[in-house]
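Asker: Single-letter residue listing:
Protein chains: 4
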Amino acid sequence: MSHTSRVKAKLLARGRRIRGQVEAVERALEAEIGCADVLMLVASVRGAVNGLTAELTEEHIRHHVVAPDDEPDADRACGTRELIDVVRTCLK
Amino acid sequence: MSHTSRVKAKLLARGRRIRGQVEAVERALEAEIGCADVLMLVASVRGAVNGLTAELTEEHIRHHVVAPDDEPDADRACGTRELIDVVRTCLK
Amino acid sequence: MSHTSRVKAKLLARGRRIRGQVEAVERALEAEIGCADVLMLVASVRGAVNGLTAELTEEHIRHHVVAPDDEPDADRACGTRELIDVVRTCLK
Amino acid sequence: MSHTSRVKAKLLARGRRIRGQVEAVERALEAEIGCADVLMLVASVRGAVNGLTAELTEEHIRHHVVAPDDEPDADRACGTRELIDVVRTCLK
Numbered sequence: 001m002s003h004t005s006r007v008k009a010k011l012l013a014r015g016r017r018i019r020g021q022v023e024a025v026e027r028a029l030e031a032e033i034g035c036a037d038v039l040m041l042v043a044s045v046r047g048a049v050n051g052l053t054a055e056l057t058e059e060h061i062r063h064h065v066v067a068p069d070d071e072p073d074a075d076r077a078c079g080t081r082e083l084i085d086v087v088r089t090c091l092k
Numbered sequence: 001m002s003h004t005s006r007v008k009a010k011l012l013a014r015g016r017r018i019r020g021q022v023e024a025v026e027r028a029l030e031a032e033i034g035c036a037d038v039l040m041l042v043a044s045v046r047g048a049v050n051g052l053t054a055e056l057t058e059e060h061i062r063h064h065v066v067a068p069d070d071e072p073d074a075d076r077a078c079g080t081r082e083l084i085d086v087v088r089t090c091l092k
Numbered sequence: 001m002s003h004t005s006r007v008k009a010k011l012l013a014r015g016r017r018i019r020g021q022v023e024a025v026e027r028a029l030e031a032e033i034g035c036a037d038v039l040m041l042v043a044s045v046r047g048a049v050n051g052l053t054a055e056l057t058e059e060h061i062r063h064h065v066v067a068p069d070d071e072p073d074a075d076r077a078c079g080t081r082e083l084i085d086v087v088r089t090c091l092k
Numbered sequence: 001m002s003h004t005s006r007v008k009a010k011l012l013a014r015g016r017r018i019r020g021q022v023e024a025v026e027r028a029l030e031a032e033i034g035c036a037d038v039l040m041l042v043a044s045v046r047g048a049v050n051g052l053t054a055e056l057t058e059e060h061i062r063h064h065v066v067a068p069d070d071e072p073d074a075d076r077a078c079g080t081r082e083l084i085d086v087v088r089t090c091l092k
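The listed protein sequences derive, respectively, from chains A, B, C and D.
3 is the number that my numbering gives to position 3 of the first sequence; each next residue is one higher, with no gaps.
9 is the number that my numbering gives to position 9 of the second sequence; each next residue is one higher, with no gaps.
78 is the number that my numbering gives to position 78 of the third sequence; each next residue is one higher, with no gaps.
72 is the number that my numbering gives to position 72 of the fourth sequence; each next residue is one higher, with no gaps.
Hints in this document: simulated from the structure, not taken from any laboratory.
It cannot be assumed that every hint is accurate.
Same chains, same names: a pair is fine if it fits in one copy or spans any two.
[What the hints assert, rightly or not] Derived EDC-like pairs: lysine to aspartate or glutamate, alpha-carbon spacing no greater than 16 Å straight-line:
hint, residue 1, residue 2
1, 92, 32
2, 10, 26
3, 8, 32
4, 10, 82
5, 8, 30
6, 92, 75
7, 10, 30
8, 10, 37
9, 10, 71
10, 8, 70
11, 10, 55
12, 8, 26
In this text, all values refer to a predicted model and were calculated from it rather than measured experimentally.
Just chain A, with the same shape it has in the complex:
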């Protein structure tokens, strides 16, 4: 099942932003700015990659496992919402 074009656009925008952040790290390494400043740039890449991991996992759950808003079984819908909360908390 393919994602909606809205979701695809959002994920692609996240991917482009991460590429921009990685290019900033490369320029910083090239320019030999202070290590501590490069490390802060790298930490921001790490945060963005974790955010993309959480978002992709959530999309995978909604599209390939259970879509909680369309699920007729109330227990399963609830369990899926709880799982999405866990993914947001633990992967970010």
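We have chain A already, so just place chains B, C and D on it with the hints.
Answerer: Using the frame of chain A, we list chains B, C and D on its own:
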């Protein structure tokens, strides 16, 4: 839905092992052994907590979302198995 | 070199708090409360263990590598303060 | 203090490799390959970013805090080597 008693026993054993590791950290802090050795003990707690997170999340998926081995919809069973792989890779 | 008793008391208090959190996880597993609630308890253990890792690493730097406030070499003092910032950002 | 050109080349090569991995993620998102496969690509970015964090932190310690191989104070050299071990274990 409650877990099987086998799963419960396994999770409880993990919990007890983590408590034992934390008690070792406390004794190490009390005895003022070298920082680096305490840090290695703390790193092992961290690994064990991540392992428990992954195992609990997998149990949650199997019991409250989709049990892939009993799921008649093949796509959903496959998507769930992929999700469990992601959880094992990303949470551990 | 041993830590001051103030630092030791603070680290021991952190260790005890983590043990209390792990015992709460064990009780939750025993009582079979919902997976999602247990996972939130486990996530709080993880946060606390990461906090202890960062604090122990900072203490190790201050006591066994360079104490930035007592360091006569200004560049080294600055580099050490930057390192402590990195540890606080990346290990927590 | 600037790094040696050998270290700089090694860090730049890591940066370029991460950019290549991020571009692969972008292509995968564009091509709508399966979520699970994209997630494995993202997990490899995460590993590479953690590796860069650990290596940059180690370089920072060696160049701006204490160079353990040139340090006359044996305790300080030992404490620094232990710190580098912690960084390699906990940041990767």
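Asker: Given a CA cutoff of 16 Å, do residue 10 and residue 37 count as a within-copy pair, a between-copy pair, both, or neither?
Answerer: neither (29 Å within a copy, 18 Å between copies)
Asker: First find the shortest C-alpha distance between residue 92 and residue 32 inside one copy, then the shortest across copies, and answer within, between, both or neither for a cut-off of 16 Å.
Answerer: neither (30 Å within a copy, 23 Å between copies)
Asker: Give the relationship of residue 8 and residue 32 under a CA distance limit of 16 Å: within one copy only, between copies only, both, or neither.
Answerer: between (36 Å within a copy, 8 Å between copies)
Asker: For residue 92 vs residue 75, is the C-alpha pair at or below 16 Å within one copy, between two copies, both, or neither?
Answerer: neither (26 Å within a copy, 27 Å between copies)
Asker: Up to 16 Å between alpha-carbons, please classify residue 10 paired with residue 30: within, between, both or neither.
Answerer: Answer is between: at 11 Å across copies they meet the 16 Å cutoff, but 31 Å inside does not.
Asker: At most 16 Å between alpha carbons: which applies to residue 8 and residue 70, within, between, both or neither?
Answerer: neither (20 Å within a copy, 31 Å between copies)
Asker: Within a copy, between copies, both or neither: where do residue 10 and residue 55 come within 16 Å Cα-Cα?
Answerer: Result: close within a single copy only, 10 Å intra versus 30 Å inter.
Asker: Are the CA atoms of residue 8 and residue 30 at most 16 Å apart within a copy, between copies, both, or neither?
Answerer: between (33 Å within a copy, 8 Å between copies)
Asker: Which holds for residue 10 with residue 71 at a C-alpha limit of 16 Å: within a copy, between copies, both or neither?
Answerer: This pair counts as neither: shortest intra-copy Cα distance 24 Å, inter-copy 31 Å.
Asker: Reference check for the pair residue 10 and residue 26, CA-CA at most 16 Å: within, between, both, or neither?
Answerer: between (25 Å within a copy, 12 Å between copies)
Asker: For residue 10 vs residue 82, is the C-alpha pair at or below 16 Å within one copy, between two copies, both, or neither?
Answerer: neither (23 Å within a copy, 22 Å between copies)
Asker: At most 16 Å between CA atoms: does that hold for residue 8 and residue 26 within a copy, between copies, both, or neither?
Answerer: between (27 Å within a copy, 11 Å between copies)
Checked against the numbered hints above, the structure breaks hints 1, 4, 6, 8, 9 and 10 and satisfies the rest.
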